[in-house]
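**Student:** Sequence:
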Amino acid sequence: MPEKDSREKLRKIEKRIKYAHVVVLLLFCVSILYLFLLQIVDIRHYKARANSQRYSKNFIFRGQIVDRNGLRLATDQTSYNLYAHREYFDHEPSELAEILSPIIGVDKKQIEKSIEKGSTVILIKKDVPRQVAEQVKKLGFRELSLDKKNERVYPQDELAAHVIGYYNPDADTASGVELTAKAALEDVGEDIKVQRTPRGDIIYEAGTDPILAATPKTGKTVTLTIDSAIQHVCERELLNMITEKKASRGAVIVMNPKNGEILGYAVYPRYNPNNYKKTKAVLLKNWTLTDVYPPGSTFKTLTVAAGLENGKIKPTTKIHDTGKMQLGKWTITNYDYNKHPNPGMISLVYLLEHSSNVGSANIALMMSPIEFYTTLSKLGIGQKSGIDLAGESAGILPKPFKWDKSRQATMGYGYGASVTAMQMITAVGALANDGVRVTPHVIKYSPEEEAEKVKRVQAVSPETAKIVTQLLAKSVSNSKSYINLEKYSVAGKTGTSRKPKENKKGYSEDLYASVIGYLPANNPQILIYVVVDSASTGGPVWGNTVAAPIFKEVALQVARILNIPPDKNVVK
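For the sequence shown, the residue numbers in this note's numbering are 16 to 587.
Be a bit skeptical, because a hint or two may be false.
In silico lysine to aspartate or glutamate, DMTMM-like type, Cα no more than 20 Å apart, as pairs [unchecked claim]: (1) LYS260 / GLU568; (2) LYS123 / GLU110; (3) LYS516 / GLU568; (4) LYS124 / GLU158; (5) LYS163 / ASP187; (6) LYS261 / GLU478; (7) LYS140 / GLU110; (8) LYS140 / ASP172; (9) LYS329 / ASP449; (10) LYS140 / GLU201; (11) LYS235 / GLU259; (12) LYS163 / GLU201; (13) LYS393 / GLU478; (14) LYS152 / GLU107; (15) LYS197 / ASP185; (16) LYS128 / GLU158; (17) LYS260 / ASP548; (18) LYS273 / ASP582; (19) LYS232 / GLU131; (20) LYS273 / ASP105; (21) LYS141 / GLU131; (22) LYS514 / GLU478; (23) LYS583 / GLU368; (24) LYS124 / GLU110; (25) LYS495 / GLU386; (26) LYS140 / GLU173; (27) LYS481 / GLU368; (28) LYS163 / GLU131; (29) LYS459 / GLU201; (30) LYS502 / GLU568; (31) LYS123 / GLU107; (32) LYS260 / ASP525; (33) LYS235 / ASP202; (34) LYS292 / ASP449; (35) LYS329 / GLU386; (36) LYS140 / GLU127; (37) LYS292 / ASP187.
Just the calculated beta-carbon pair ranges, DEER-fashion [said to hold, decoys possible]: (38) LYS292 / SER263: 23 to 31 Å; (39) SER263 / ASP351: 25 to 33 Å; (40) ARG157 / THR93: 38 to 46 Å.
Honestly, the hints are just simulated from the structure, not real lab data. Only a predicted model underlies this, so the values are computations on that prediction, with no experimental measurement involved. Glycine included, every Cβ here is placed at the ideal spot set by N, Cα and C.
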């Protein structure tokens, strides 16, 4: 019996072993089938996934930015980051440093230090030029690798920096035209994808086009309206005056009022976009777009235009100027009250020539608040100009239902509203262009793009614009101002305004000195706006003593550059 039981147990064990063999055989067959499907049929699409990891877009260069004459203002330059990989070291750190030092221009002790402190992948040097990278490649060291990248460079350094802006490829951040024209600068059409090795070398397949694969893609070139010669004149004259007067800020803008093209756009303080990473944020800001200020007497030009447009005055109208007037607890006084205490009945030409605050306040009070407000709004005050640069402020134009008589009166001579420099030149530009306000722009557009991006608004009637131009031109020709040019008739106005206190009510002792004007007055080709903030030395600070000399030099040089024929005495 025991022997029988023993044989029975043995048969059961053998039976189980057979079952186990069958199961193992089945599992083996299934595994073979799965591996066949996986590796040959590729049911998990590993081949496609592996290929996709090797595929990369072709190297892309950002498009160039050039001025209206084709001068390069921004372009891409290839550079490399040099890395060492510890796991592939064939040389001692000291030996590697000894070899690399004279090639890359880094002290060998510094290279050794980087290697010793580094982990698996060690950054040896950033922004290695192409010529140096080629020398490193010739070494053939497997422990070294070069990471190719774009470096944005600005060949003209500080010229038009606030217009061009800067581009940071590492963080993909930008300013100026580098930001607003990003789509065009990076538009390479249909990009070509190629397979690459882990070291970045192209894998040439049967269908790979060797020329397309190896040729870097380049974005579109963006052409500016800026003329570099005019830009240089603007920056030079502005810098000279700011240095002489020890002013804190300033700007010169030159625009073609007929089409809104900005020909020159100088902003101080300025910076070098090649070194933007080391530049303080306050210098990177284009304050002429972001910051608002009271325009002062240059605004009287718009007040006279509004009075004419609303039928409250005529070209021959006489305004009663007492030299001083009381509105509630506020006293309005002419700047030359001590010299001309009671001018009496004055003409509009006299008002503009002598910059009468009382006369301008009286014109403002002739209109209803809604009439004055509506005309100023049509001229672009209290709204963005629409310029193709980011960060623009809308300025401050209070709603008319908030106006009392004192605010309405002070609005007449440039204190009730706050403007940006771009807003002010756009408004006066309408008076130089038969009453049509044109969107200012720094990018040269095709006719199709211009129709979409550059708006034209009839802000005042052509007749109003013509009368204001004549009044301004006569007031300038009667004066001894710097803007009274020998060969060109100028329709313009100087201005001086007190600077508001920062984060407080009231005004400081600092002043904005400004002037705005266009020429030739009978057929305006250029409109120039100059504003200087907080001049502190070199005599009295007035629009005529600080801003007007800049205007004169810029106007004469721009007229020469553009070959504008003289027209003196054409405007009567």
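**Student:** Please work out if LYS235 and ASP202 have their alpha carbons no farther apart than 20 Å.
**Tutor:** Holds, at about 6 Å.
**Student:** If you draw a straight line from the CA of LYS140 to the CA of ASP172, is it 20 Å or shorter?
**Tutor:** 24 Å, violated
**Student:** Given the hinted pair LYS273 and ASP582, is their Cα-Cα distance within 20 Å?
**Tutor:** Holds - the C-alpha atoms of ASP582 and LYS273 are around 18 Å apart, at most 20 Å.
**Student:** Can you confirm whether the C-alpha distance between LYS260 and ASP548 stays at or below 20 Å?
**Tutor:** 10 Å, holds
**Student:** Would you check the hint for LYS235 and GLU259, treating anything up to 20 Å between C-alpha atoms as holding?
**Tutor:** Violated, at roughly 42 Å.
**Student:** Does LYS260 pair with ASP525 here, judged by a C-alpha cut-off of 20 Å?
**Tutor:** Holds, at about 13 Å.
**Student:** Tell me if the straight-line CA distance from LYS481 to GLU368 falls inside 20 Å.
**Tutor:** The given pair, whose Cα atoms are some 18 Å apart, holds under the 20 Å limit.
**Student:** What's the verdict on LYS393 and GLU478, does the C-alpha distance respect the 20 Å limit or exceed it?
**Tutor:** 16 Å, holds
**Student:** For the pair supplied as a hint, LYS140 and GLU127, confirm whether the alpha-carbon distance does not exceed 20 Å.
**Tutor:** Holds, at roughly 12 Å.
**Student:** LYS128 and GLU158: Cα distance at most 20 Å?
**Tutor:** Judged against 20 Å, a Cα distance of about 17 Å means the pair holds.
**Student:** Is LYS152 within 20 Å of GLU107, Cα to Cα?
**Tutor:** Distance ~19 Å between LYS152 and GLU107 Cα, so the pair holds.
**Student:** May I ask you to test the hint 38 to 46 Å on the CB atoms belonging to ARG157 and THR93?
**Tutor:** The hinted range 38 to 46 Å is violated for ARG157 and THR93, with Cβ atoms some 23 Å apart.
Violation of the numbered hints given earlier is confined to hints 3, 6, 8, 10, 11, 19, 20, 22, 25, 26, 28, 34 and 40; the remaining hints are satisfied by the structure.
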